Structures are given as C-alpha cells and as structure tokens.
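Asker: Construct all of the structure, not just a fragment, from the sequences and the given hints.
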Amino acid sequence: MNQDQFDKVKNGKGFIAALDQSGGSTPKALKAYGVEESAYSNEDEMFDMVHEMRTRIITSPAFTSEKILGAILFEQTMDRDIEGKHTGDYLWEEKGVVPFLKVDKGLADEKDGVQLMKPINDLDETLRRANERHIFGTKMRSVINEPNESGIKQVIEQQFDIGKQIIAAGLVPIIEPEVNIHSEKKEQCEAIMKDEILHQLNQLTEDQHVMLKLSIPTKANFFKELVDHPRVVRVVALSGGYSRDEANEKLKENDGLIASFSRALASDLRHGQTQEQFDAGLKDAIDTIYDASVNKK
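Following the working numbering, the numbering of the sequence shown begins with 1 at its first residue and continues without gaps.
Heads up, a few of these hints could be off.
Said to hold, decoys possible - Using C-beta positions, here's what the derived DEER-type ranges look like:
no. : residue 1 : residue 2 : range
1   : Thr64     : Asn202    : 33 to 39 Å
2   : Lys283    : Ala168    : 35 to 41 Å
3   : Ala108    : Arg128    : 23 to 29 Å
4   : Glu276    : Glu184    : 18 to 24 Å
5   : Asn295    : Arg128    : 19 to 25 Å
6   : Arg128    : Glu276    : 24 to 30 Å
7   : Gly272    : Arg80     : 21 to 27 Å
8   : Phe6      : Lys297    : 26 to 32 Å
Stated by the list, open to error - The calculated PhoX-like cross-link candidates involving lysine-lysine, where the alpha carbons are at most 25 Å apart (straight line), are:
no. : residue 1 : residue 2
9   : Lys186    : Lys252
10  : Lys10     : Lys185
11  : Lys186    : Lys153
12  : Lys164    : Lys95
13  : Lys13     : Lys186
14  : Lys185    : Lys111
15  : Lys13     : Lys297
16  : Lys13     : Lys296
17  : Lys95     : Lys118
18  : Lys10     : Lys194
19  : Lys8      : Lys28
20  : Lys219    : Lys118
21  : Lys105    : Lys118
22  : Lys283    : Lys194
23  : Lys164    : Lys118
24  : Lys224    : Lys185
25  : Lys118    : Lys85
26  : Lys153    : Lys219
27  : Lys111    : Lys31
28  : Lys13     : Lys95
29  : Lys224    : Lys283
30  : Lys185    : Lys164
These are calculated hints, taken from the structure and not from any lab test.
The structure presented is a predicted model; accordingly, all values stated were derived computationally and were not measured.
Even for Gly, the Cβ is constructed at its ideal location relative to N, Cα and C.
Answerer: Structure follows, in structure tokens:
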C-alpha cells in the first residue's frame with residue numbers, strides 16, 4: 001500500500017470522483033453526455049467513446065488534487081492510457097489523485113429486499129492486475145431496498161467477506177451497500193445496515209482498514225459512529241439519484257461525510273461543448289461538491 005495515498009485519502013480535504021460506469025450503465029452515461037446510441041455500432045466503439053469522455057474530465061484543468069482526493073475507475077479505464085500513461089499512473093503522477101477500481105460484476109436479482117453482488121469469479125486476477133496498475137483501492141456495490149434483517153445481513157457479510165480478500169491483496173476496499181433513496185422505509189434500512197456494519201468492523205484486526213460508500217442518511221449525522229470508527233479510512237456518500245444541489249445540501253448536514261458522486265458530478269457536461277464550456281461546467285460541479293464535502297452546517 002502507498003502510504004502517501006493512504007494519508008491523503010484519510011486526512012485530505014476533498015471528495016472522490018466516481019468515473020466507474022460499467023457496461024450496463026455506459027449507454028446511459030453517454031446519453032446524458034449527449035452521445036446517442038446511434039453514434040456507435042458496437043461495444044468497442046461505445047467504450048472508446050466513454051474513455052474519451054473520462055479522459056476529457058481527468059485531463060481538464062478543473063480536475064486537480066486541490067479538491068479531488070481520488071477517482072474510481074471502471075476496469076477498462078484502468079487498462080487504457082491517458083497521454084501515454086496507464087490511467088491510474090496518470091491520475092497519481094500527473095494529477096495527485098488516488099486511483100480506485102470498481103471490481104463488482106453488477107447486481108443479482110432482488111431477494112429478501114436486497115440485491116447482492118453477482119459472483120466475482122476473477123477477483124484474484126483483477127486484484128493482481130490492479131496492483132500492477134498501481135491502484136490503491138477498490139469499490140463494489142450492493143443495493144438495499146427493504147428493511148429485511150436477513151437480506152441486509154447477507155449484503156454486509158458478502159461485502160466484508162470480499163473486502164477481506166481485497167485487503168489481503170494489499171488494497172483498501174470501498175464497501176458500498178447502497179440504500180435505495182426511494183425506499184419508503186429508508187431510515188429503517190439504514191438502522192439495520194449500520195448495526196451490521198459495526199458488527200463487521202469490530203471484528204477487523206488493527207491492520208485491516210476499509211472505506212464505506214453509503215447513501216446520505218435520512219437523519220443527519222446518523223453515520224457518525226462509522227465515520228469515527230478506527231478501522232474506517234473514510235466514509236463517502238453517493239448521490240443516489242438526488243440532483244447535485246439536493247445531494248450537496250444533504251451532505252452539508254453530515255460531519256465527516258464526503259462526496260463520491262457520479263451522475264451529480266457530470267450532469268452538466270456535454271459532448272458538444274467547447275473545451276471552455278466543458279471546463280467551466282466541470283469546475284462549477286467540483287467547486288460545489290467540494291464545498292459540501294468540507295464546509296458543514
């Protein structure tokens with residue numbers, strides 16, 4: 001593990017940029033960017049276009065370590081180059097931004113009010129390549145829709161079981177059990193989930209550390225116990241479908257919680273913008289998300 005990167009993520013001021021749309025979500029991300037499906041004829045062309053989008057974001061003068069601590073990448077992005085360097089190396093060496101990698105393979109069908117992760121059969125190989133590419137940490141997402149104790153326990157156990165495998169490979173896992181913001185019983189889901197997370201955290205050894213990526217809680221500072229836990233490097237928040245303004249306002253109410261936004265980060269960016277327009281839109285998004293991450297009510 002790179003100690004400079006660990007210290008930056010744990011103690012730095014800023015937020016994590018989520019640039020990890022995968023095969024299933026890439027068409028939606030490109031469409032939001034102003035690229036219709038008719039603009040590409042196969043998956044290779046689609047991934048070429050999304051890499052161009054991510055490259056444009058990462059190389060923008062607005063994208064700097066002054067306000068961005070880390071960036072989460074999709075596997076293909078990790079394997080591609082930006083200006084002659086692997087993306088992870090470019091992020092750290094040129095931008096001072098810590099690289100993370102999305103390692104999950106998507107969600108299983110809903111059962112017991114939750115969606116577990118699909119099996120990650122090639123995880124050992126992915127982690128080996130992540131180390132070769134100088135990746136600091138990983139991210140993997142599950143979804144909680146209902147306050148089903150059995151289902152939520154399964155989600156958290158799966159996340160931590162795989163998380164320990166990632167820790168053993170020398171990386172820091174971002175545990176992401178997303179609570180659906182549209183759940184009618186969101187607050188109950190959060191209470192059960194927090195108890196299960198604390199149970200797992202308390203079983204970690206002193207040399208085992210995780211990050212947590214959570215939906216912004218219904219009750220302000222409900223996750224403070226997680227933020228302060230000695231085994232937790234950082235707790236970051238997903239926007240979860242909130243608009244950027246709404247997500248930022250909710251984030252400001254939570255001490256120690258920083259952003260890890262995807263759609264809310266790129267919502268004003270369009271393929272047809274001039275570079276000046278693109279950079280200005282990205283700068284505005286970064287400035288407002290940074291402010292919500294570091295300046296609390």
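Asker: If a hint holds in the structure, say so; if it doesn't, say that too.
Answerer: Here's how the hints hold up against the structure:
no. : hint                           : in the structure
1   : Thr64 with Asn202: 33 to 39 Å  : holds, 37 Å
2   : Lys283 with Ala168: 35 to 41 Å : holds, 39 Å
3   : Ala108 with Arg128: 23 to 29 Å : holds, 25 Å
4   : Glu276 with Glu184: 18 to 24 Å : violated, 44 Å
5   : Asn295 with Arg128: 19 to 25 Å : violated, 40 Å
6   : Arg128 with Glu276: 24 to 30 Å : violated, 42 Å
7   : Gly272 with Arg80: 21 to 27 Å  : holds, 23 Å
8   : Phe6 with Lys297: 26 to 32 Å   : holds, 29 Å
9   : Lys186 with Lys252             : holds, 19 Å
10  : Lys10 with Lys185              : violated, 32 Å
11  : Lys186 with Lys153             : holds, 16 Å
12  : Lys164 with Lys95              : violated, 29 Å
13  : Lys13 with Lys186              : violated, 29 Å
14  : Lys185 with Lys111             : holds, 17 Å
15  : Lys13 with Lys297              : holds, 16 Å
16  : Lys13 with Lys296              : holds, 12 Å
17  : Lys95 with Lys118              : violated, 33 Å
18  : Lys10 with Lys194              : holds, 21 Å
19  : Lys8 with Lys28                : violated, 32 Å
20  : Lys219 with Lys118             : violated, 30 Å
21  : Lys105 with Lys118             : holds, 6 Å
22  : Lys283 with Lys194             : violated, 34 Å
23  : Lys164 with Lys118             : holds, 17 Å
24  : Lys224 with Lys185             : holds, 20 Å
25  : Lys118 with Lys85              : violated, 31 Å
26  : Lys153 with Lys219             : holds, 21 Å
27  : Lys111 with Lys31              : violated, 30 Å
28  : Lys13 with Lys95               : holds, 15 Å
29  : Lys224 with Lys283             : violated, 29 Å
30  : Lys185 with Lys164             : violated, 30 Å
When each numbered hint is compared with the structure, violations occur for hints 4, 5, 6, 10, 12, 13, 17, 19, 20, 22, 25, 27, 29, 30.
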